[in-house]
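Chemist: Chain by chain, the residues:
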Amino acid sequence: MKEKVEIRDHQREMHAYRLRLGLSAGFILFFFLLLVSRFFYLQVIQHEHFKTLAENNRISIVPITPNRGLILDRNGTVLARNFSAYTLEITPGKVKNLNKTINELSKYVEISPSDRRRFKRLLDDSHSFESLPIRTRLKDEEVARFAVNNFRFPGVEIHARLFRQYPDGELTSPFLGYIGRINDNDLDKIDAAGDTANYKGTDYIGKMGIEQSFEKQLHGTTGFDQVEVDSSGREVRTLSRTPPISGDIVTLTIDSKLQEIAEKAFGDFRGALIAIDPNNGEILAFVSKPGFDPNLFVEGIDSQTWQALNNSPDKPLLNRALHGEYPPGSTFKPFMALAGLQLQARSPTDTISDPGYFELPGQSHHYRDWKPGGHGLVDLHKSIVVSCDTYYYGLANLLGIDKIHDFISQFGFGKKTGIDIGGELSGVLPSAEWKMKRYKQKWYAGDTIPVGIGQGYDLATPLQLAFATSILASDGIAYKPHLVESVRNSKTGKIEKPPSAFLYKLDIDPNYLADVRSAMIDVTKPGGTAPGVGEGASYEVAAKTGTAQVIGIKQGEKYVASNIQERYRDHALLIAYAPADHPRIALAILVENGGHGGTTAGPIARQLMDYYLLGKLPQDKVNQEKIDAPAD
Amino acid sequence: MHPLIRRLHRTLSNHIDSFLLVCTMILIGLGLAVLFSASDENLTKIGSQVVNVTVACVVMWAIANVPPHQLMRFALPLYAAGLVLLIGVALFGEISNGARRWLNLGITRIQPSELMKIAVPLMLAWYFDRHESALGLKNYAIAAVILLVPVLLIARQPDLGTAILIASSGFFVLFFAGLSWKILGGLFVSGLASLPILWSVLHDYQRKRLLTLIDPSQDPLGAGYHTIQSMIAVGSGGLVGKGWLHGTQAHLDFLPEHTTDFIFAVFSEEFGLIGNLFLLFLYSLVIARGLGIAARAPTLFSRLMAGSITMTFFTYCFVNMGMVSGILPVVGVPLPLISYGGTSMVTMLLGFGILMSIHTHKKLVKT
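Chains as they are written, first to last, in our numbering: chain A, 1264 to 1895; chain B, 39 to 405.
Next comes chain B alone, as it looks inside the complex (with noise of 0.2 Å):
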């Protein structure tokens, strides 16, 4: 090989983690397959998801070549930045399908809730990072009003599903920081106790979704509708499934949603079980590696965001698939690596980003 052209590809490679690259590749791939059935085979949509998915891999690319105590300075930044753009949306935001969640800086629409599913873990696991030598109950608490403030305002959107993930996110940075059993239980019984208050600042249309997830048939037109839809398109696909691109279900436009959030749906209907086998496993791969990176991780930065950015992505995949069967509410949540859309595909690909960081620079630090 040419030396440049070998230079050229050390640059390239030097901080990606080949098994986690893979396992992503294979499941982009996986969902341009099922996003072209979902679109009906509609090419600019394919076109424009391709797009997306290398802008997420050139940002991935980049953070990984960012070592984690450089990571650790836009901790602050960020978060700042993002919480002032949420008190702004919350302000002047833009209202569309009833939620307030779009802020127009002239040039671009942006929504902030995006931008803190990154920073609210990052900000956590530095501030962890800095008290590391005495680490007290005052910090923990300290750490969930940094957690809480943002969620909360992004749950007055109304953003329910955003807002559990930022909050589950967090929750895991607090997990792996050592929140002792003593508190997290604490936490469990008062969260049980709360339901009933929760329950009653939910807006209509989230108690709705909760009540038909109960009995789905109880509004098959109305809030009901993508829940049944969505479940007769994953036991209607069987053991085998109908065959790509002969999902019917989708294709008779049935299902609400089928590039986005209900793309599962159409990937369940036209896979089978068979399929969403090969897709758990590729997606506890992904966990696996992740996990593995953050058990070998040195510092405790390092190791709260490895373990939440891993965990995070779990979430995301069990509530996505929970809801498009049936098993949990219907919120906007997409499914990581397959759904169509940039935003979602970036975030999950920085948070890959800041994995191989971590898995490539530990060397660095030891020596």
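Next up, chain A with everything else stripped away, as it sits in the complex (with noise of 0.2 Å):
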């Protein structure tokens, strides 16, 4: 109806559209003969301009790595250091057959079967677009034959990179970790990091150590070349150069030459040992034995060489300083002897009678002394000295398991020490409260009296023992055990050290500290558990030896050294600090299936002390063990 009467309107209507579309039609056509005329211009004009442009002038960013910061050890020995050498490299992504790529390249230059297989295990953990060594150090001559005879092998380069070196080898690898090829693991943590751009053109990441937790500070700042490349990608000429950082040097608190003298000591020992300075927690010496070379790992270790690491009976990956938990033993007497004293649960002259066995009232399990029949009576002194256990099961009884806890775990015990390198264990300082949550079971009494000495659920790493031992020496000063003195920054010279280690200050009486001193004295002196540790020294040595079971001893059965496979034997177990008086070095040894700690451990720790402190050289006995090793 509306239709009809506004017919006229809606033909007008329908005419003034049809010419709008109309006009539409030819505004379209004048903005496409405008791209034609501007593609006319581009492709056919201004072609021959366009292709030199695309053929000859192009722009590419070529990043340069920057050097890996030195790392250093307190005297400034070179620990960690770089060695340029060229290598051999294949990009598998342009190689059609690699195989046969490989056995044609042998013939230019010397590949090892290990070289092909450190390659593979190379080629399964990268991208086919990354370029693989598969030999590295190549020698003058064998550059200038496989140079001659490179355009036969596309995708295959000859390239002058730089290597990590530990000139230390296995000597250094407890603390200093090692670099390896980044994985797509390392890739996502750069990429969280924001670090993406920065890390073009890098290979390596620090995969364990120092080189780990100072990945930021040794890496440096990585440099850009602007190039001008032709059209099969090949680099003309540079540009501009923005020259890369290269990484900070990190000097640490470790002595290399206590280091060694602690290394050579273990002989073919298995076992870890921690040096301290009980001033201010630097860390002194690191063992963890046996190591491996860290070296190995640089240039990507064939899975035959890794399999074999890893599967050894000897566990040379598991850092036992760090990662290894070990009943402390009656070295944790000390500490609970601390903890009867400023408790007020045992005097220093209460004795008790030692029938060579502790019982829980109306129960029957002995919970027996090293020592059958017995010490006698004992006082805390002499509980030290000959190290009863007697005397700490029914201290242990007394405090009950949550005061032991509170009070021991300012040792240190139980908690990570928040060393400056990654993969360190808690251990286990046991409470009601933890079992419930580890086990879901409640703790029963019985449970409390080995951990008086240092049984039962207890566990602590060396690095843990050691920090806990400098707490003891420092008269109750807790400082942060590290590695790391100085950052020096290799841009501005400028020298960065880490915040102060001091943590806190233990509130316990100096009498009964200078009580448990007196006797871990004594330990060394005749008498002792541990005489050959002091004999003959020319100043006092506090220690406290101990003995951790690697199997149970059944009731009624006696622990016969001799009667047991070697790897079943007590770990041996050794803490000590020295000059007593006024400590400056703190240690803790362990030495697996080393039997007794004064008589393993002991010697350890004495060439340590005669090193430190008074620079004395172990040489005699190495040059008698020189004399003696041809007529085995």
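Simulated from the structure, these hints should not be mistaken for lab results. Don't be surprised by glycine CBs; every beta carbon is placed ideally from N, CA and C. Hints may be right or wrong, so weigh each one.
As the list claims (entries may be wrong) - Not everything, but these chain B residues come out facing chain A in the computed CB check (under 8 Å):
| hint | residue |
| --- | --- |
| 1 | G216 |
| 2 | L318 |
| 3 | L320 |
| 4 | I365 |
Said to hold, decoys possible - Computed list of chain A residues with no C-beta within reach of chain B, every gap over 12 Å:
| hint | residue |
| --- | --- |
| 5 | Q1306 |
| 6 | E1318 |
| 7 | E1404 |
| 8 | T1459 |
| 9 | E1588 |
| 10 | D1642 |
| 11 | L1769 |
| 12 | L1776 |
| 13 | A1777 |
Stated by the list, open to error - Covered stretches of chain B (in silico footprint by chain A; criterion: 3 or more residues with CB under 8 Å from a CB of chain A, positions within the stretch not fixed):
| hint | region |
| --- | --- |
| 14 | 85–97 |
| 15 | 353–363 |
Build the complex: two chains, separate frames, hints provided.
Modeler: So this is what it looks like as structure tokens:
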């Protein structure tokens, strides 16, 4: 109806609309012709110009990898450095038949079976567009021989690369760690940290130890070259350069000579040793035996060698100092003694009578002393000097587990020390709450008794033991154990020191600390459990020995070392500090299956202290061994 | 033929415009071929683009089967929802590449500005259709408000490319609705006059893009880089191009965004001027068909929609190719039916679905 009324209007509207459509079509035609003329201008008239630009004049950004920072010991000895070497590298994505290519390559450059295995492992872990080394450290004549035949091998190139080298090898691996090729996991972390640009051109990253925890400082800042490349991607000339900034120089608190003496002193034993300066928490020596050669990992380890390391019963890849949890055994007793004194459970003069065992009232189970028949009348001093078990069974029972836990945790047991490298375990300092959480079981009175002598649920890492000893040595002042003394910025030369390691001061009566110290000094005198440690020394040593059971001994049975396979023998432990009056070194030693702490760990401690305090090298003994060796 | 198959065939093709469909499919096929080259022969990317195309085709078919008067019903709710989402983006949107464009709905992230590409012209066409009997100046003013609110919200994100596209799609509706020449002239003059003001509200990077258009060599590694590299690609393509898969600019990674906004540079480098002319020819066929459908559309709503969709399609083509060949500044506008990406593919084919619906339902309206 409406239509009828407005029919003329409607027609006029339609006419206007179609006119506008027509105009639009013209508009479109105009702009499309504009495009056509632009295309004609670019593609026909200016074609030669752009063709040259495309073929010859490309700007590409090439990253320049910075030199990784050096790692030095406290005296400036280089522990990790870089060397430049030629490598023969294959980009798998650009090579059709890898095996054939490698076989062909071996005509010009020596490629050993282990090189092949290592390459295969790299291949599995990498992307096909990455350039992977098949041979490192090429000799000059090998470089020359390959260069002449380079044209036969598309996708194969020689590069001059910087390699990480650890001159002391196995000696420094426990704390330095090592670097290895960046894998997908590392890439994710780099991305998450927003460092992607800075890692362009970087192939390696710190995987463990200082190399890992100080990666940021050691890596440096990547530089860039702006270069012209031709159509095949070859560089023609450099337009501008932003030079890279080398990584910072990290100086450690480690004394590499002391480290070497400690490592040698272990001989063929497995175990760990940590030496700390109790006045500031600086770690002087950090041993885990056996170790491994970190240089193997730098160039990419082949699977056979890796399997051998990983499956070895000696567990060389296990960092015993950080990651090995052992019962602290009798080295726990000085801390228990302090707990008893400070919490007023026993006075220094209180004596117990030791029949050779301890019984809980109403129970027939015998908690045995290590000495059959017992030590007779025992006070605090004697309990440490002769390492009486019964004294501490009773003390543990008097205190109860939660009091023990709360007091002794002040010495760092049961929690990470916070050392400046990763991978640390926290050990176990049990409590009723811990047992409920861990085993969903309530704590029994019987669980407390072995804790008194550092057995039962008690576990500590050698690092924790050394930390606790350093607190004991400094009369209750806790410094965080650390390995890095300073970081020197390679650009500004500014030296940055880590924040003060001071943690807290324990609230313990100095008289009690003196009581425990005098007992620990007598441990190293005739009549103590480690007389060898103090014998003939010009300084006084405070120490405590320990043994940690590897297998349980049944009630009524006797532990006879010679009857037991070597690997099931007790672990030997020793904590010590010296000079006893003004301690400069505190240490904890663990010797796996070493039997008694005084006999195996004692001589190690003594060699270290002699060198550190007196500068005396354990030369006589080394010479002796050298003379003896051929006769074997 | 089996009657069942015949019926199925009829159901499927009843509302499909075969001319438009064939042109579209040739363009999409060409797009997949270029994408194969631009993505360094990445079959996963091709696979996901095929999925995008399939989804978009289903959307096109479904929309083509909805008669235009039913489509009108979606105008208001779609526009309102789009507006709410845009405000949501402004308040809680996620920032990516420095712009706040995405809204995380928990299940999926959406870019409400894409929805507006259809919702704004639909809303305007619906509005004019409702007031067809007496269109006065007041109606054009209200329409301008309907258009400007979402456009300003999107321009603020900032997403200038999308804002311009939506503004032009809305403008085309106003234009076809008969906005008087006087006003158009006035708009043009005042537009020129307000350019300095516009300049002052632009973001730094947007200004830089405009400046580098005048002289790309001013900032060869920054804002001018895209333009220089894509011009080199187009120019070095020459008359017949370097051949499929043989373009060096894209394959040596000199071209940025070479699967999405700059895919035309790859096409141009590999197929040369001949290829470009063929592509323009195909686009012209699609546009001509669209204008033809618009000319014969029975209702005001369908006339406005068909005209706007076709002109917007043209705008996409021109802006993208103009940007790649260096006569327009770099804005994020994909090359229709060729660029990699699901959203723009769906938006394009959805528009074509509306065109087909308008074309195939008019007999029904007449009877």
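Chemist: With reference to the structure, classify each hint as holding or not holding.
Modeler: Outcome of the hint check:
no.: 1; hint: G216; verdict: 6 Å, holds
no.: 2; hint: L318; verdict: 6 Å, holds
no.: 3; hint: L320; verdict: 12 Å, violated
no.: 4; hint: I365; verdict: 6 Å, holds
no.: 5; hint: Q1306; verdict: 4 Å, violated
no.: 6; hint: E1318; verdict: 8 Å, violated
no.: 7; hint: E1404; verdict: 35 Å, holds
no.: 8; hint: T1459; verdict: 16 Å, holds
no.: 9; hint: E1588; verdict: 44 Å, holds
no.: 10; hint: D1642; verdict: 71 Å, holds
no.: 11; hint: L1769; verdict: 51 Å, holds
no.: 12; hint: L1776; verdict: 59 Å, holds
no.: 13; hint: A1777; verdict: 64 Å, holds
no.: 14; hint: 85–97; verdict: violated (count 0)
no.: 15; hint: 353–363; verdict: holds (count 4)
Going down the numbered hints, you'll see the structure goes against 3, 5, 6, 14, while the others check out.
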